[in-house]
Every structure is written in C-alpha cells, then in structure tokens.
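Chain order of the listed sequences is G and L.
Note that numbering that gives the first Met the number 0 has the first sequence beginning at 0, numbered continuously upward.
Note that numbering that gives the first Met the number 0 has the second sequence beginning at 0, numbered continuously upward.
No lab work stands behind these hints: they were computed from the structure.
As the structure is a prediction and not an experimental result, all values here were calculated from the model.
Note that beta-carbon positions come from the ideal geometry of N, C-alpha and C, so glycine has one too.
Among these hints, one or two may not hold up.
[Said to hold, decoys possible] DSBU-like, lysine-lysine: derived pairs with alpha carbons at most 35 Å apart:
no.: 1; chain 1: L; residue 1: 43; chain 2: L; residue 2: 24
no.: 2; chain 1: G; residue 1: 186; chain 2: L; residue 2: 54
no.: 3; chain 1: G; residue 1: 186; chain 2: L; residue 2: 43
no.: 4; chain 1: G; residue 1: 104; chain 2: G; residue 2: 186
no.: 5; chain 1: L; residue 1: 55; chain 2: G; residue 2: 192
no.: 6; chain 1: L; residue 1: 54; chain 2: G; residue 2: 150
no.: 7; chain 1: G; residue 1: 104; chain 2: L; residue 2: 24
no.: 8; chain 1: L; residue 1: 43; chain 2: L; residue 2: 55
no.: 9; chain 1: G; residue 1: 150; chain 2: L; residue 2: 24
no.: 10; chain 1: L; residue 1: 54; chain 2: L; residue 2: 43
no.: 11; chain 1: G; residue 1: 186; chain 2: L; residue 2: 24
no.: 12; chain 1: G; residue 1: 67; chain 2: G; residue 2: 150
no.: 13; chain 1: G; residue 1: 192; chain 2: G; residue 2: 104
no.: 14; chain 1: G; residue 1: 156; chain 2: L; residue 2: 24
no.: 15; chain 1: G; residue 1: 67; chain 2: L; residue 2: 55
no.: 16; chain 1: G; residue 1: 67; chain 2: G; residue 2: 156
no.: 17; chain 1: G; residue 1: 104; chain 2: L; residue 2: 43
no.: 18; chain 1: L; residue 1: 55; chain 2: G; residue 2: 186
[Claimed, not checked] In silico negatives: residues of chain G with every beta carbon more than 12 Å from chain L:
no.: 19; residue: 30
no.: 20; residue: 123
no.: 21; residue: 126
no.: 22; residue: 166
no.: 23; residue: 192
[Claimed, not checked] Partial list, computed: chain G residues near chain L (C-beta under 8 Å):
no.: 24; residue: 14
no.: 25; residue: 100
no.: 26; residue: 103
no.: 27; residue: 104
no.: 28; residue: 124
no.: 29; residue: 125
no.: 30; residue: 144
no.: 31; residue: 157
no.: 32; residue: 163
no.: 33; residue: 174
no.: 34; residue: 177
no.: 35; residue: 184
no.: 36; residue: 185
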Amino acid sequence: MALFWTFAEGLILIYMRWGVLFLRRGEGRQRIFLIFCVIIFFFLICLMFGGENYFGRFIDLERGHNLKAYRWGLWNFFCTLWVILEGIIMVYVLALYEILTPHLKKSDLIIKKEKRRRTRSGITYGIPVLIISLFSLYIFYEYNLLSIIDKNVIEDKGIYRISLFYIRICGLFWILFEWIVAYVGIKTYRLMKES
Amino acid sequence: MGLFQNIFMWIGTNFTTEVYMVSTKIQGILWSMADIVLVFVLLKIAGVVRIGTKKKIVFRYLFLWFSGILTPLLLFTQTGTQFLILESIICGVQFSILVYTVIVEREGMMSFVRLRIGK
Numbered sequence: 000m001a002l003f004w005t006f007a008e009g010l011i012l013i014y015m016r017w018g019v020l021f022l023r024r025g026e027g028r029q030r031i032f033l034i035f036c037v038i039i040f041f042f043l044i045c046l047m048f049g050g051e052n053y054f055g056r057f058i059d060l061e062r063g064h065n066l067k068a069y070r071w072g073l074w075n076f077f078c079t080l081w082v083i084l085e086g087i088i089m090v091y092v093l094a095l096y097e098i099l100t101p102h103l104k105k106s107d108l109i110i111k112k113e114k115r116r117r118t119r120s121g122i123t124y125g126i127p128v129l130i131i132s133l134f135s136l137y138i139f140y141e142y143n144l145l146s147i148i149d150k151n152v153i154e155d156k157g158i159y160r161i162s163l164f165y166i167r168i169c170g171l172f173w174i175l176f177e178w179i180v181a182y183v184g185i186k187t188y189r190l191m192k193e194s
Numbered sequence: 000m001g002l003f004q005n006i007f008m009w010i011g012t013n014f015t016t017e018v019y020m021v022s023t024k025i026q027g028i029l030w031s032m033a034d035i036v037l038v039f040v041l042l043k044i045a046g047v048v049r050i051g052t053k054k055k056i057v058f059r060y061l062f063l064w065f066s067g068i069l070t071p072l073l074l075f076t077q078t079g080t081q082f083l084i085l086e087s088i089i090c091g092v093q094f095s096i097l098v099y100t101v102i103v104e105r106e107g108m109m110s111f112v113r114l115r116i117g118k
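Please put together the full structure from these sequences, using the hints given.
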C-alpha cells in the first residue's frame, strides 16, 4: 500500500510538472526527471522489501524494541514522503495558477513577466524548503523516539502510540495542502469560466 | 530527559487507541471533503474546456457523489481496519476519477490554455 500510494502521488506530480513545463517553455519533456523518479522508486521498492535484511547487518533488529521501531520508522518515512509529494504537487498547482492568471485576466505584458518571475522563485525555493523541512521533522521525531527507546523507559504500546501520533501530524500537513489545492482549483475554475 | 522526550512520554501514555480513532475520523472527513471539492472543481474545469466540443461529463460525477455519500460513514467505523478499508474505497474512487480526467482531458485543457497563451 505504501508503494502504491507513492506511485499514485508520483504520477500526479509528473502530470503537474508536465503542465508547468509546457506552459513555461512550450513543451513538457522531462526525460531526466522521469529517470530520476524511476531510480528513486526502485530504491523505495528495495527499502520496502529488503530493508530489514540490509539494516539487520548493522543493527540487531531482534534485540529489544529495535524491530518494532524500525518498522514504524519505515512506515512513518513513507507517510513523510506522501506529504512531501502532496506538498510539491501543491507548489506546482500554485505555479500553474500564477502562470495562467495574467493570461486569463488578459492583463498586460509587465504583469505577465512579473507573474512568471514569481512562479519561478516559488518552485525554486518552495520545493527544497518543503523537502528539507518535512524530512527534518521526520528525523527529529525519530531521533527523539529512538533516544527514549535507548533509555529503556518506554514499552511497546508507547512506541506504537508515539508513532501513530506522527501519522496524525502528517495528516495535518496533508489536509492543509489538499485544501490549498482545492481552493486554488476553485479560483482557477472561476477564472476560466469568466475568460 | 529533555523537553521533547518528556512530551513524547506524555504522548506514549495519553494518545490512546480511542483518541487515535477520533482524530483519524476527523482528519479522514477533512481530507475526503478536500478531495471531493478538488475532483469536483477539476471536472468543472474539464466541463469548461469541453463546451461546444464533446458530451457532458456524467459518470464521473456519479462516482464522485458515490464517494461523497460514503464519506460520512467514516464517522461510524469501529476499528482501524474498517476505517482503512472505507477510506481506501473513497480515496480509490476519487483518485481514479482524478487520474482518468487528467489523462483523458489533458489535450483539451492544453488546447484551451494554448489558445489563451498563444503557444
């Protein structure tokens, strides 16, 4: 399921990126990006199915809470990944809206240039900021959880609850991003209808 | 222990399955509603693009309303598994409509935009 939803989100992201590239450059080729996505997805498949074997060489997963912590860590990693993908989709939707707005409003060339400049900076900074901040949150959360496990002051049930709580944090970001996309969608529809 | 580790210990004690289920249901309803609005708007946009060229979209709206009817049922799920199955059906239907629309209407949408942008 984790891989399926990653694939699904990735598919939407590729289409959104295609739209932005097409509107900006007049063509939407993204061969290098697609190769990059395939490589990442291949690594995710390896992580999902071979991760326990691989990391088991370095950490004794059978000892204490290690296996439980690893499995929850992996699941939370995928949750973080979905939120990141959704966030990047949101950035591209915002970019599409900014590219389209001046054309649909039929405003002058200066506004057009201004909008394009802003879109470029939105993608340039927005995506790295999203990726870095959400992965930092994940690492920070897992680090603190592992520190508690290391001190032997928590039971299995506690690990389970703390890990579930992380999913709810991801859920907040997910809802925020989805509603932003929905809101921008409504604005785009209104503009298209009026144009 | 540091501040965050104390907070984590508190979460480990107080974030019970009951609290988890309530928060999951609330979040599930919120993101399903966002999905319904999102897919509905996408279909509306596709409708604008289709004006005067193709038939109106019918079945995708029906599937979307079907997912809309299922959404409040999330509140009545008793276990995490029930919630997951129902949420998967709802999201699956919405996602299928979304992907199908993006693939099928892509050319029409681009032609519409191309006309306005002049590319």
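Hint-by-hint comparison with the structure:
Taken as a hint, the residue 43(L) and residue 24(L) pair is honoured in the structure, with Cα atoms around 28 Å apart against an allowance of 35 Å. Between residue 186(G) and residue 54(L) the alpha-carbon distance is near 24 Å, which keeps this suggested pair within the 35 Å criterion. A C-alpha spacing of about 12 Å is found between residue 186(G) and residue 43(L), which places the hinted pair at or below 35 Å, so the restraint holds. Between residue 104(G) and residue 186(G), the direct Cα distance comes to roughly 12 Å. Compliance with the 35 Å bound is thereby established for this hinted pair.
Restraint check for residue 55(L) and residue 192(G): satisfied, since their Cα atoms lie roughly 16 Å apart, inside the 35 Å limit. Proposed proximity of residue 54(L) and residue 150(G) is contradicted: the alpha carbons are some 65 Å apart, above 35 Å. Distance restraint check for residue 104(G) and residue 24(L): the Cα-Cα separation of roughly 40 Å exceeds the 35 Å cut-off, and the hinted pair is therefore not satisfied. This hinted pair checks out: residue 43(L) and residue 55(L) have alpha carbons roughly 10 Å apart, not beyond 35 Å.
Our distance criterion of 35 Å between C-alpha atoms is met by residue 150(G) and residue 24(L), whose separation comes to about 34 Å. Taken as a hint, the residue 54(L) and residue 43(L) pair is honoured in the structure, with Cα atoms around 13 Å apart against an allowance of 35 Å. For the hint pairing residue 186(G) with residue 24(L), the CA-to-CA distance comes to about 28 Å; that is within 35 Å, so the pair holds. Between residue 67(G) and residue 150(G) the alpha-carbon distance is near 16 Å, which keeps this suggested pair within the 35 Å criterion.
The straight-line distance between the Cα atoms of residue 192(G) and residue 104(G) is roughly 11 Å, inside the 35 Å bound, and the hint therefore holds. The hinted pair formed by residue 156(G) and residue 24(L) meets the criterion: a straight-line CA distance of about 21 Å does not exceed 35 Å. Of the supplied pair hints, the one linking residue 67(G) and residue 55(L) is violated, its CA atoms being roughly 51 Å apart against a limit of 35 Å. Pair hint residue 67(G) plus residue 156(G) holds up; C-alpha atoms about 10 Å apart against a cutoff of 35 Å.
With a CA separation close to 19 Å, the supplied pair residue 104(G) and residue 43(L) stays within the 35 Å bound. Under the criterion of a C-alpha separation no larger than 35 Å, the hint pairing residue 55(L) with residue 186(G) is consistent with the structure, at around 22 Å. For residue 30(G), the shortest C-beta to C-beta distance to chain L comes to about 18 Å, beyond the 12 Å cut-off, and the non-interface label holds. Residue 123(G), annotated as away from the interface, keeps every beta carbon of chain L farther than 12 Å; the closest lies near 22 Å.
The Cβ of residue 126(G) lies farther than 12 Å from every Cβ of chain L, with a closest approach of about 20 Å, so its non-interface assignment holds. A Cβ of chain L approaches the Cβ of residue 166(G) within 12 Å, the least distance being about 8 Å, so the stated non-interface status is violated. Not every CB of chain L lies more than 12 Å from the CB of residue 192(G), the least distance being 6 Å, so the non-interface label is violated. The beta carbon of residue 14(G) is positioned within 8 Å of a beta carbon in chain L (closest approach about 5 Å), and the interface hint is therefore held.
Given hint, residue 100(G) at the interface with chain L, is violated; its Cβ is 11 Å from that chain's nearest Cβ, farther than 8 Å. Nearest Cβ of chain L to the Cβ of residue 103(G): about 6 Å, under the 8 Å cut. The hint holds. The interface hint given for residue 104(G) is broken, as the beta carbon of that residue sits about 10 Å from the closest beta carbon of chain L, more than 8 Å. The criterion of a C-beta within 8 Å of any C-beta in chain L is not met by residue 124(G), whose closest approach is roughly 25 Å, and the hint is violated.
Annotation: residue 125(G) was flagged as interfacial toward chain L, and the flag is violated, the nearest CB pair being 19 Å apart, outside 8 Å. The interface hint given for residue 144(G) is met, as the beta carbon of that residue sits about 6 Å from the closest beta carbon of chain L, less than 8 Å. Contact between residue 157(G) and chain L, as hinted, is supported at the beta carbon level, the nearest pair being about 3 Å apart and thus within 8 Å. Using the Cβ-Cβ criterion of 8 Å, the hint placing residue 163(G) at the interface with chain L is satisfied: the shortest such distance is roughly 5 Å.
Contact between residue 174(G) and chain L, as hinted, is supported at the beta carbon level, the nearest pair being about 5 Å apart and thus within 8 Å. A least Cβ separation of about 4 Å between residue 177(G) and chain L falls short of the 8 Å threshold, and the interface hint therefore holds. Hint status for residue 184(G) relative to chain L: holds, with the closest Cβ pair at about 4 Å, below 8 Å. The criterion of a C-beta within 8 Å of any C-beta in chain L is met by residue 185(G), whose closest approach is roughly 5 Å, and the hint holds.
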